[in-house]
Each structure stands twice: as structure tokens, then as C-alpha cells.
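S.K.: Spelled out from the first residue to the last, the chains are:
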Amino acid sequence: MSRPVDQAKNAETFLADTVHEQRLDQLLWAARMRRDAAARQVPEWEELRTLASEIKEHTLSNLSDYMIQFEARATANGVIVHWARDAHEHNQIVYDILAEQEIKLLIKSKSMLTEECELRPFLERRGIRVTETDLGERIQQLDNQPPAHITGPAIHKTNHDVAVLFSQKYGSDPKNEDTAYLAGVMRENTRPDILIARAGMTGANFVVAETGAIVVATNEGNADLSANTPPLHICSVGIEKIIPTTESLAVFIRLLARSATGDAITQYTSTFRGPRKGASMHVILVDNGRSARLGMKRFWRSLKCIRCAACMNTCPVYRRSGGLSYGSTYMGPIGIIMMPTFEIRKYSELPFASTLNGSCTNVCPVKIDIHEQIYGWREVMEENDQIQVVKKEAMRVADKVLSHPALYQIATTTLSSALEVLPHFAIYNRLNAWGKHRDVPEASSETFHAWYRNHRPKTNEEVRRG
Amino acid sequence: MQVALMVPCYIDMFYPHVGIATLELLEKLGVDVVYPKDQTCCGQPMANSGCYEQARATEEHCARVFASFDCVVTPSGSCTHHIRNKFNAGADSPEKQNLVRNTYDLVEFLHDVLKIREFPWATFDHKVALHTSCSAIRGLNMASMSERVHDAVFSKPKALLSGVPGLEFVEFERVDECCGFGGTFAVTEEAVSAKMGYDKLSFMQKASPDCIVSSDMSCLMHLQGCARRQKQDIPFYHLAEVLNGVSPWVGQSWVGQSWVGQSWAGQSRVGQS
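Chains A and B are the protein sequences, given in the same order. Start counting the first sequence at 1; every next residue gets the next number (this note's numbering). Start counting the second sequence at 1001; every next residue gets the next number (this note's numbering).
Because the hints were derived from the structure by calculation, they are not lab data. Beta carbons: idealized from backbone N, C-alpha and C, even for Gly. Do not rely on the hints blindly, as some may be mistaken.
Just so you have them, the derived chain A footprint on chain B, three or more residues with Cβ under 8 angstroms [claimed, not checked]:
no. : region
1   : 1004-1011
2   : 1038-1044
3   : 1051-1062
4   : 1147-1159
5   : 1185-1196
6   : 1215-1227
DEER-style ranges, computed between Cβ atoms [unchecked claim]:
no. : chain 1 : residue 1 : chain 2 : residue 2 : range
7   : A       : E46       : B       : Q1205     : 32 to 42 angstroms
8   : A       : D17       : B       : L1114     : 46 to 56 angstroms
9   : A       : E44       : B       : S1144     : 10 to 20 angstroms
10  : B       : V1153     : A       : L27       : 23 to 33 angstroms
11  : A       : D439      : B       : G1030     : 36 to 46 angstroms
12  : B       : F1154     : A       : A264      : 45 to 55 angstroms
13  : B       : M1001     : A       : E343      : 51 to 61 angstroms
With the hints as constraints, model all of the structure from the sequences given.
M.R.: Pasting the structure below:
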């Protein structure tokens, strides 16, 4: 069993580096502002959100039927469809496809599912080199870091960071921090792999049951290069990505880029229906805990997620913590409610990395009640004994004092003992955590209760009780 | 109608003057208001931490204390939100249902029930940075939120404060971004919490307010702690204090002397008078 990720401590480390923290906060807040502006341009925005949420609910409620429909259509289109129960099965299927053709180099566009399955290390251990073709994902690969954000994997890095990294890995000019120059360096170094690789891999944003098509939205066109250049295209997709029809696809396409970056649509929205002439195409439908989550009465709705990252961009905690602080594949508000379904103990602290402010819920294009689920997960952590004993004990003492008026009165009569009770919740895990960056409120010399007794000696209440 | 005043535990202990201002304001408006003396807390700190089991007795006690009232008013959006929307730790009972149905934040009570818009006695010639809590905005719909771009813009706290002669508002960036308090979040994630507070203060500061006002004292407890640490002596007021009438630069207050000089706000007044 893994130890819980200490998000708070990781966030503290991230915050200590003010340059990166401020830049991340400003970049993502700007994305949130662009999202607002884009939503303002669509008068039926709220109706679209409701519709998208209902389409997802319908599809998830009839998931097996739509999956079977998809399999039939895709197979008829010449696609080879695979089913993977878990990450290992998924990775093994990919490996077997590649091994059969003795392929030693795989080019790949960004896919959170393959991160979830830890596909890259799996293949690399078996002698297959993997080149990421998404700029941000490639930066993270070269830096040996997981993605820090689901749509902008290297969003936490500055141009300076990338210039230094590329100079180390590619021998480019460490002083040249120009974005176009850096993108050029990346292109020069990955394009050769794209040309020689005999297999390309993509994820998928949507899978259309009616047509058997997979849909990939990118801004760099790298998914198209990865899918169309080599003679073999493997697409991995989580089963929750299925939607019924091309018509319903339109609803999601209108919401996706607007929610993510404020653009009306991504630069590329590519539909792959079958293999090109002389090429082959595989689609791997991956469960990896999804059907179990679908059975969770309180938490299945996170399966509606279309991975736009609007919840991360708006989250005041994410923006000040950085995505890597969560120590998880999915991070920010949506990560908090997904990750415990993968491994409860490891991610038991994540539900506490939220102020429950509710902004995430209100930007979510598929109306997932994210902050309510975060609240719900806290309770689950308590039920599963995942809350630190010392914290629980503090809460137990508080309950005892706060449920007995006499004890409460004694505890709050004097200035010093007031401090004992209230911020005692405050002091349970670290010595005076409140006071590290803030002054502690001064307890008044007289509680309201005492004041009331002195200033309203015969109260209405007493009169009434007679 | 008789109204029961619920004074949240942290206001009872740290900000009694806010409880006093709420009581005096309601009395001034002719409300028959009583303070049930056995009250303690609504149980939010425990439930909010996932500790439902540890919140049960407190919640049940709270429901019992207010069982005989058909209107309960509290100067806290956060406690109101908890009672109205999250009161699930204790056993279901008629008392509990009664409290859930009949609890109002002070702002809601003034704005929606009494429909008061003018506070002529409360002249306040100062520029106010108004902070409205996330519980009030997204939990109680007391103000429109920036995320819902097509909704009509409104704010009940602002509507009330607009009835105070002389009071002006300053506009600042990210007006409804969370201040970082978040209950026990303030200590479990103290670094992020404090940074959020510092950021909130810096956005407000750019707009040069004379003071910071909120209908949630818990946000102010956090922001005031951040400001004090940064040696900023800007005063903080609960909305009830402003509506009840305070004259911060003279050192006078409607509530008498019992708290002046005790609280930080009091000290800064003394220093400035």
C-alpha cells in the first residue's frame, strides 16, 4: 500500500518558487477569462451544458449497448477492436500488436489514458522507444516528469525552463527563449521519428457509436501526424468516451475548446473511421476501473468528464499548487474525485485540497457537481479510516464540547481557553499551522454569550418560558 | 414573529461585537429577537472535515436548541449553507427539518424577508471592498457568480449596503475568487490558504478601499490574519456592524466599549483617532 500523497506539502514547495507560481496562476486565470468570454458569445451556453450532461448521463446509463454498437460499426469499417479490463491488459495488447510486427519505435500523441496505464515505461522496459509528438508532452517526457495539466502538460514551465531543457537534451541554444525557436527545435527533433516510425498511437476525445468513428481534438495537428503517417494506428480510449451520434458530437465540440482555452474550436478536430488503404487501425476500449466507478452511486458522474481542464484553470488551489503536487495522473478538482477510485489510500488526502468554493462545478461543461463530490469523498475517507487519528480525535473532542452547552461555556469563558477549543481544530496536525503565515485572532475578553447575559438580563426567552 | 439569533461559535469567541451588532440591528428594525442560551455550534468544522460521526451530537444538539423557533437568523453564510444544504450528520427529526427550513443568513433575512433597503442611521463615509463568501454566492445564491456568464448580475449584500448613506464601493479584480479560508482547509493546506488570502488582499489593495466588509466573519478572520501579518492596518467589518452603524475613525460604536481595544479592528481605530 502506498503512502498518501502529501499534496499540501508539495504545494508548499511549489509556492516557495514565486516565479513559477505567479506565472501559472496568471496563465490559467487568463484561460478562465477567455472561457468566460467564449461562453458569453453563445447565448444558449447553459442549455448546451445541460444537454451535454444529459447526453452523457443517457450514454453512461446504456453504456453496454453503445459499446456493442460501436464495436459492430468499427469492425465493419475495418477497425480491429480490442477490450482491455485494466491497465496491464491494455499495455499488453499494445505491446503484442507492436511485437508482432517487430516494431521498435512508436510515435504518440497526447493521451491521459496512456498516462493512467503507464504505457510508456511498460513499452520502454520491453525495448520499444516511444516519442511523444505533443510539444508539452514531449517536454515532460524529456524532463522525466508526468503531465502537470491535462491539456497543457508543461504549462507550469517557463520558456527559460524549456530552453535549458532542450539545450541539455538536444544541444540547442540555452539563451534563446523565443517560443517559435523552441517549437522549431522540437519539430526538428521529432519529425524524423514521425517519418520513420511504423506505428502511431493516439487517444480519443470522443467515440461515436453510430458511425464507429473516433474523434481527436488537438491544436498542434500531432495526432493527425501520428495517426496518418505510419501504416499502423493504435487508438486507446476509455469506455466512458462513447457518445451516441454525430449529432450529439456537435454539442460536445461546441463546449470543449471554449471551456478549455476560450477558442471556438480546436485547430484540428479529426475523425478517424477506418484504416487508410494498405494500413491498419486498432481501437482498444479500456475499462481500468471505469465500470466499477459507474456502479458508485455517489461518484459515477465523474465519468461524464470530457477532459477540458476548465475546473483546473478556475481552481484557486490548483493554480497555486501546480499540477504535480497532486502526485496523480488526473489533478485539480476532477483529479480529486477520480483518483481515489484508482487507489483510495494513496489519494486519501486529495479531497482536502479544496476550499469547496464551487467554481469548478459551475464551469464544468458537463455539469459534474465536482465540489459536492469532493465533500462526499471526505466522508468516504472518514468511513474508510483514511483520516489521521490525531485529526479525528480533535474532531471527537470538539463534538463533545460543542454538543454540551455547559462544557462549551466553560471552554469559552476565558480568553485562553477559547483558543484551546476553536483553533484547536487548527492545531491538530502541525504546530500552529494557522499562525505560520497569518496572525491568530485574539479572543475577546468577553464572549457574546457573556455579554448577552450582562446586557439583556431578562430576555424575551426567559419571559416566555416564564 | 419571534426570531432566534444564532451566533456562530467563532463569532461568540472572537468577534462578539458582530453578534452584538446583529442583535442591535434586528432590535432596531423592530424584530422580536431572542438568543437561545444553550446554543454552541452547527457542527460544520467536523462535517466539513469528513468527520460526520464526530459531528452528529453537535448537530443534533443544534437542532434541539432551535426546535421551537420558526425563524432562525445568523450572521454567517457559511453556517447557513451548512445547515440548509449539508445538515446530514445527525438523525433525521422534525427538529432538524424545522431548522433546515427556517435558517436564514442575516443578509437573506434583511433582503428577502424584511425587504429592508434603507439604513439611514448607519452613515458610513468610506470606500468599501466588499467580499462575499463562496458559501453565500455559490451555496446560497446571495449574489450572481462570475462563472454563470449569462445570469443577471446581482448581489444581496451589495443591495443592502447600498442603502447606507455615504458608503461607496470599490471594484477589484477576481471579485468572487475564493479568499482561501475554506474551514479546516485554512490549516490543512495553510500555505495555499495563506497565499490565496495574500492575493485577495493585493487585488483589493489596488482599488484603495478604506476598509474591507463581508457578511462572513470566517473569511474576514482569515484575511485579517493575513493583513496583520503583512502589517496592513486596514479595518475589517462584518456587514452587520456597518448596517448597525459604526464610525470607525472616531472610535465610536453602537455596541459600547466592551470590545473596543480588544479586537484588532478596535486597536486600529484607537491608533487612528
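S.K.: For each hint given before, does the structure comply? Return the numbers of the non-compliant ones in rising order.
M.R.: 12
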